[in-house]
Amino acid sequence: MIKEHCFTEEWLTTFKKQTEHKRIDKIILEKMIYALHLLERIKANGLDFVFKGGTSLVLLLEEYNRFSIDIDIICNTDRETLEKILSKVIDSSNFKSFELDKHRSYIPSVPKAHYSFAFDSVTKGRYSGTILLDVLIEESIYPEIIEKPIQTKWVEMGGETKIKLPTVDAITGDKLTAFAPNTVGIPYFKGRNQQAFSMEICKQLFDLSKLFERIENIETVSQSFEVFAIQEIEYRKTATLDLTPEKVLLDTIDTCLILAKRGGGTPDEKTNFTELQKGIRAFGTGFLMVGNFRIDDAIPASARIAYLATKLLHKELSPIEYYKGQDLKALSIENKDWNFLNRLKKQPDKSSFYYWHKTLETMGLIKQNKNE
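Those letters in the sequence shown? Residues 2 to 373, by our numbering.
Hint data in this document are derived by calculation from the structure and do not stem from the laboratory. Misleading hints may appear alongside valid ones.
Unchecked claim - No more than 20 Å apart at the CA atoms, straight line, and that leaves these computed lysine-lysine pairs for PhoX-like: (1) 113 with 44; (2) 113 with 4; (3) 211 with 351; (4) 191 with 17; (5) 17 with 113; (6) 316 with 279; (7) 163 with 149; (8) 149 with 125; (9) 4 with 44; (10) 325 with 346; (11) 238 with 262; (12) 262 with 351; (13) 103 with 125; (14) 330 with 316; (15) 113 with 125; (16) 154 with 18; (17) 23 with 85; (18) 4 with 149; (19) 27 with 125; (20) 262 with 125; (21) 211 with 149; (22) 191 with 211; (23) 368 with 330; (24) 154 with 17; (25) 4 with 154; (26) 44 with 125; (27) 85 with 97; (28) 44 with 103; (29) 125 with 18; (30) 347 with 337; (31) 165 with 103; (32) 316 with 368; (33) 347 with 330; (34) 97 with 4; (35) 44 with 165; (36) 262 with 325; (37) 125 with 211; (38) 103 with 113; (39) 325 with 347.
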């Protein structure tokens, strides 16, 4: 169980006083602590589930650099059983109450439920905060599952609580489906009011770029992507779109290309780039634990994702050839449709050009250079 002093303003302030964390938003930090509190309590009260989503990366990756404040789980249980457990959570936690989002939950065609949990904040203003619990009600389809303890510097635990979650390879395949805004991923706009969701898109970009560096078996990534893409397409089977996993990957690559063009391209690409820029700014100003995430960081991040998506698209499942400071002077892109990418060689981070060069090699548009 999370120790009680972790819910105090003094605990939040200890991080704010540290030089590396001086820009931390205490409200967001508090919410992440409460998200982990909710996770621990639903486990302690007997729910069998797999933890997924952005917050799971706090446990999965040893060094993870963004705050995430929602809990996403998969569990195959009925509503009555689930809500009995959630009531026990309220009785054994610092949460005041929980509420079901009736409009978005238990829809026959989409087996999902959405709950919000209320708590009293100790930060300035003393507002009533909420943590969202998103539940996918079915058996897990992740190809690999592991157990990890709730262990992070943001909380102190009184005893060990282990949580089931997908491996890096398995969750990478899942998250790739979320970074496809024109097909099955998080869209640029959502809802009746067309609320902008570009920041959520950029969260996926950031997460995938971190996961990319930890991939061990790309075959598992491919297997995971395939099952999750098919699942997401199935949820949209009443739509007019004739979707396939291949079209989802092409959407991902096209989105990466928008960032590489940096405001160039077609009118639609320019419009989408503007939205992505807004998302990058919003994400970088509140959700990072340390450091920055700007357009100059987003471009190399997207180059990594383009390379990975292209390998999956072309079923080229050999190990990823990572950038390790190779000399790129002899490399050039001659194809007239793609040679604008040569300007990436002038950027301080040479990995952008390297991974786009690898992407085009995988597409068969340039010959592989054995000296890379």
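Going down the list of hints, with the structure as the test:
no. : hint         : verdict
1   : 113 with 44  : 19 Å, holds
2   : 113 with 4   : 31 Å, violated
3   : 211 with 351 : 17 Å, holds
4   : 191 with 17  : 34 Å, violated
5   : 17 with 113  : 37 Å, violated
6   : 316 with 279 : 34 Å, violated
7   : 163 with 149 : 5 Å, holds
8   : 149 with 125 : 34 Å, violated
9   : 4 with 44    : 16 Å, holds
10  : 325 with 346 : 15 Å, holds
11  : 238 with 262 : 33 Å, violated
12  : 262 with 351 : 16 Å, holds
13  : 103 with 125 : 31 Å, violated
14  : 330 with 316 : 29 Å, violated
15  : 113 with 125 : 34 Å, violated
16  : 154 with 18  : 15 Å, holds
17  : 23 with 85   : 41 Å, violated
18  : 4 with 149   : 19 Å, holds
19  : 27 with 125  : 9 Å, holds
20  : 262 with 125 : 42 Å, violated
21  : 211 with 149 : 18 Å, holds
22  : 191 with 211 : 26 Å, violated
23  : 368 with 330 : 16 Å, holds
24  : 154 with 17  : 13 Å, holds
25  : 4 with 154   : 13 Å, holds
26  : 44 with 125  : 31 Å, violated
27  : 85 with 97   : 15 Å, holds
28  : 44 with 103  : 24 Å, violated
29  : 125 with 18  : 16 Å, holds
30  : 347 with 337 : 19 Å, holds
31  : 165 with 103 : 28 Å, violated
32  : 316 with 368 : 18 Å, holds
33  : 347 with 330 : 11 Å, holds
34  : 97 with 4    : 18 Å, holds
35  : 44 with 165  : 10 Å, holds
36  : 262 with 325 : 24 Å, violated
37  : 125 with 211 : 33 Å, violated
38  : 103 with 113 : 11 Å, holds
39  : 325 with 347 : 17 Å, holds
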